[in-house]
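*Asks:* Sequences are here, hints too, so could you generate the full structure?
Chain residues, written in single-letter form:
Protein chains: 2
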Amino acid sequence: MVLLKGLGRKYCHSADTVTVIDFTDGLKPASPDGATTIGTERTRSDIPVNALSEHLLTREYIERQKRILSFLEKDDLFNKKTQYSLSRPDRYRLGLARAKRAKQFAVKHGWDEDVYKMAEYLIDDVSPLHLHLHMFMNTIREQASDEQRAYWLPKIESWEVIGAYAQTELGHGSNTKEFIMHSPTLTASKWWNGTLGRTANHAVVMAQLKIPDRSNGKLRSFGLHPFIMQVRDFVTHQPPKTIIVGDIGPKMGYASMDNAYMLFDNHRIPHSAMLSRFSRLDLETNEYVKPPHQYVVYGSLTAGRVNIILQARIVLARAVTVAVRYVSIRRQFVNRDTPEAKLETAVLDYPTVQIRVLPLLATSFALHYTGKAMKQLFDRVRSSIEQSGDFAELADLHSTSLGLKSLCTTYATDGIETCRRAMGGHGFSAASGLVRLRNDYGSRPTVEGDNWMITQQVAQYLLKKMKTLEVGSGTASTTIDITLQRFLQASNKTPHFPVLDYDEAILAAFEWRSSYLVSKAYQAREVRGEAHTSLLVQFYRLSNAYSQSILVNNFHAIFTNTAGVSDKPPQGATEVLHDLFRLYALYTIEAEAKEFLQSGALSMDVLELLPGAIQSLMDRIRPHAVRLVDSWGIPDFLLDSALGRYDGKVYEDLFDRAHRQNPLNDHTFNNKWWSDEIELGSGDAGKILAKL
Amino acid sequence: MVLLKGLGRKYCHSADTVTVIDFTDGLKPASPDGATTIGTERTRSDIPVNALSEHLLTREYIERQKRILSFLEKDDLFNKKTQYSLSRPDRYRLGLARAKRAKQFAVKHGWDEDVYKMAEYLIDDVSPLHLHLHMFMNTIREQASDEQRAYWLPKIESWEVIGAYAQTELGHGSNTKEFIMHSPTLTASKWWNGTLGRTANHAVVMAQLKIPDRSNGKLRSFGLHPFIMQVRDFVTHQPPKTIIVGDIGPKMGYASMDNAYMLFDNHRIPHSAMLSRFSRLDLETNEYVKPPHQYVVYGSLTAGRVNIILQARIVLARAVTVAVRYVSIRRQFVNRDTPEAKLETAVLDYPTVQIRVLPLLATSFALHYTGKAMKQLFDRVRSSIEQSGDFAELADLHSTSLGLKSLCTTYATDGIETCRRAMGGHGFSAASGLVRLRNDYGSRPTVEGDNWMITQQVAQYLLKKMKTLEVGSGTASTTIDITLQRFLQASNKTPHFPVLDYDEAILAAFEWRSSYLVSKAYQAREVRGEAHTSLLVQFYRLSNAYSQSILVNNFHAIFTNTAGVSDKPPQGATEVLHDLFRLYALYTIEAEAKEFLQSGALSMDVLELLPGAIQSLMDRIRPHAVRLVDSWGIPDFLLDSALGRYDGKVYEDLFDRAHRQNPLNDHTFNNKWWSDEIELGSGDAGKILAKL
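Protein sequences, first through last, are from chains A and B. According to the numbering used here, the stretch in the first sequence is residues 1258 to 1949, in order. According to the numbering used here, the stretch in the second sequence is residues 1258 to 1949, in order.
For the record, the hints were derived by calculation from the structure and aren't laboratory data. Some hints could be false.
Each pair may be met inside one copy or between any two copies, as identical chains are not told apart.
What the hints assert, rightly or not - As a list, the in silico DSBU-like pairs of lysine-lysine whose alpha-carbon atoms are at most 30 Å apart:
hint, residue 1, residue 2
1, Lys1338, Lys1948
2, Lys1412, Lys1547
3, Lys1851, Lys1750
4, Lys1629, Lys1944
5, Lys1851, Lys1632
*Replies:* Written out as structure tokens, the structure reads:
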């Protein structure tokens, strides 16, 4: 036993563990403790957790997750204990060290890229190599010519070349066989480019290709094209004098990521830098050969958005997992109508907590089935294009993925915060596991298409559909055509769908409301000629209504006879999934009641009954809540949450993090105002100032 | 000129400044730059900014702010440049150093407590001394006997004794003339107590007073009472062995604050520790003397909530200031209906940005007038009680302040995030100035009464009022009585108030909807006897409806003839304030349309017209937006925002923070995966691991 400096705490060293010895060691939580309570919760439901997990994630995924976890848990570098206490520069250092260690594992154990990505997901840093592994590598693979691929890919896959992704202006000097990059103003600086701030030595730069016209020498634009360029030296890791590049500084999240600013001073890159799989510029004649179809640009963006929907699902599931487990364990106040009951009520038994957490639980499943459907649609569209040059469904896929990106990332971002608040005071602690998730994921609503701005593209697509139907020039071919046509044929009615009685009425009500909003926007824009900009709020609401309709349709499809075997949920889970489907739908109808009423899809009488119906569904789902979140199979290692851990040992873990793992408690401070010393007895007056 | 290590950047040292010399030095933002744009914005409106500022804040406040600012701006310790990059322990150290420096100023310059609090507000750390200066000091002043005051206050005011505030269990051993504090379980640990984690040497502990009954020796409870106790030694700053106390670890915000856990092992405190102004325990006879009225507990809590409303107002104003200035400067996309226009549209001209930011601007004013009214009501109630023992309005003040705490802090918390997202990508940067505000203020919805839980007290109060009226036993004396009575006399009607035409119709519509919800809840609880718990969601909505009604009433009062001279806004601002009043009201009616429709306060016809009316109001307010936020007088020092700075130099400041002030750019990293070194050339392999 030793007494450590200034701590007043005794430690017992044995083998490789250090244990604090004080009177708290023998203390246990009050009975019933969290482990007991959550065990009881799990006996209240007979949902087949493993079967539901496999239905959601596939057996292959679950096994891969388990396997990679066993590597990460054994290496101290991936221990998350004190990372919340680190400075921003140390958070970057840690992120870099982890990305490198995972690569060492990958090389040693022959991991393929899917396995590495699983490791990246579980490590749960925003990796400083992220852009290298995704946007940069994908762009080279898709856009480089065979010759360029042969040169670059080995260097990129071996991480000799580490790349980022940026957009910029570009001018081309015709006589020099070089391109010139220049930033004439501060506002021309690139900004936010991940991996480029401190990590990368190369970048793919998407730039306006400008070529001097042979007749008059004036620059002509040929649109965005990808170029690969070196930004830092292989040995010194310094940029050339004609490039200024650095990290933009601290952010709301993404502490371990180096987002960049970059400016060029007439920086020259060779002709060979232009990635020329689809379009190219002849070296001798300066002749431009244009790409075959805009899909080459669309494709990877749409693929990215499909992944964003799948990510939104798991992010929301993660927040809901923490919240459901904690509010099952946490008790507060004895029921005032039965004061003789000694045990306080579990917080999840309060309707005020249920109404926040359980609809989000339902939403996580709604997002899942639509993410999955979008992935299937994307694969089908890509193979149609590749096999038969059939672009028919591309526009539909493109606009649907935009609307869903907007809605789903808003759901997940807001959902994390709702879960956080539903947990009361402890939700504010980093030990909740939701703080970093909230701050990192908070980027989603504004990146890769701002959630408000992109919805105008969805509305434009729908208005175009409506126009075709209105002028009678097209046949109803896609689902949306048929839906709109059905609405047009009955649009003078107020159908008042019996949404409490039939699933079909729910689907019809969502379609009706969405079609009504399309029709209203069409009248404003196409018939009355109102300005596009003046309708943007309408467009946003329309896009959300349309996307919600897609979510209920895809969710409901798993209960129909047409669902494929692999799409059907396991027997024992069907009933509660159906309750979740109805909860998502009815909760959304109530939240958006105004539009459902205005369109005539909902009557005031049914609206009055909705709160009761929603509460009944929540009562039915309540006993299954813990098993439902268990089915998402999110490991404790990823959750990093005292409140949401699988075994329910909430208070033991909270105390352990505070009393044994918090570095601030290793210091004793000088609280005398007349002394500038901060650490008691250290004579460190003024030291903190040097860090400012 | 010197070349600093590994930076590839040249610096020029002159006198006391260091300037980077590279090709970016001469770069300016594209024209028109932010300074020009925001200047133009200010010429578009003739709102008398200074007069409106004085109306909102008082001349005295503005002068005090300016005076204190001049102290803080001159001292490097208050420079916020790199504080976002610090580790959590350093954030605490910095917070402590700043609190001490401000105290040094206070002593040197003879600042009173109001002045010190202004400094605390401008320093904008959550001060590790905060609880000492507020809850601890206030409790001693209010609850200590004259003798105790004489002993403690000099030590407390000189910061020899530094105190915190906690609640705990307490047992009293009758024979020893001591109180015994004991924590039998881990869950009995105190948690979250600010200032107690590392800073305080004393605490006021609110504890259940338990005294053995003389007849049978069993412990009897006498309710919560305050005790003062020492928790750390004056010299060593260590706790005694019978106390375990420490900091709970990192949180979503409050990095500079040491929130505590604390456990007792049969810790004994003397009889004199009980603060005995209002109730006491006789040393010899063990006789308990009870306090005269529960106001002694109510009073300071209610005062706290009134301050929370005033704080919510300024926090929201701060977020809106940043957002309005930035979205006035930021341009994006040329208007598609007028593509010949060369200049891109200012983001604030998009309805999708207006609908997020301008109603929040209106809300900041709504919160102001209600905060002010609540302060006046509180002062009146306190003086009634002190002068004539009249407690008549206390219950009303208590429940109103609870409902408003819930609504106003939700508005402000959500409002910061809405502003952040409305600014697009740059809102995610710490340079927005909203990141720390969002994380610190995020504690508000769950502390000092969870925003959902406390609303049941509001509902209970209103149901009691309704019961009195229904059984006809009381006379309508308070405003809420009169409102409910008016509703009861006409409750079979559907009044369909013409809210677009008359202010009075707006006030009536809010009152009607709120009374309707009271009546509905009354029917459920009192008539049909439904369980209290089952009605909690209804209670929450009811409380919000009631609070919104208070907000529109107080806002509208400034336009009536009965408003006092000091309450009337300056001439040139009345019209736009009236537009803001209507915007807050109509926006709220649309957002809560369901309840307005259900109650019959609103017709479907008027609902259809609301979006147009809201847009017209936003069009009218738009040119005044920058001057309106200027009127809040929030200094750049506090905003700490590149995006929201007064002079509009957004891009210059963003670049300065990234290129010249970001410590991460002083390091060059080793990105080779096969090397464990992190800082290039440092040989630091494994160093980051030691920090985990």
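*Asks:* For the identical chains here, do lysine 1629 and lysine 1944 meet the 30 Å Cα criterion within one copy, between copies, both, or neither?
*Replies:* neither (55 Å within a copy, 43 Å between copies)
*Asks:* Under a CA distance limit of 30 Å, which applies to lysine 1412 and lysine 1547: within one copy, between copies, both, or neither?
*Replies:* within (28 Å within a copy, 81 Å between copies)
*Asks:* Up to 30 Å between alpha-carbons, please classify lysine 1851 paired with lysine 1750: within, between, both or neither.
*Replies:* both (17 Å within a copy, 21 Å between copies)
*Asks:* Is it within, between, both or neither when you check lysine 1851 against lysine 1632 at 30 Å Cα-Cα?
*Replies:* This pair counts as neither: shortest intra-copy Cα distance 32 Å, inter-copy 36 Å.
*Asks:* Using 30 Å as the alpha carbon limit, work out where lysine 1338 and lysine 1948 are close: within a copy, between copies, both or neither.
*Replies:* Both: 24 Å inside a copy, 10 Å across copies.
Checked against the numbered hints listed earlier, the structure breaks hints 4, 5; every other hint is satisfied.
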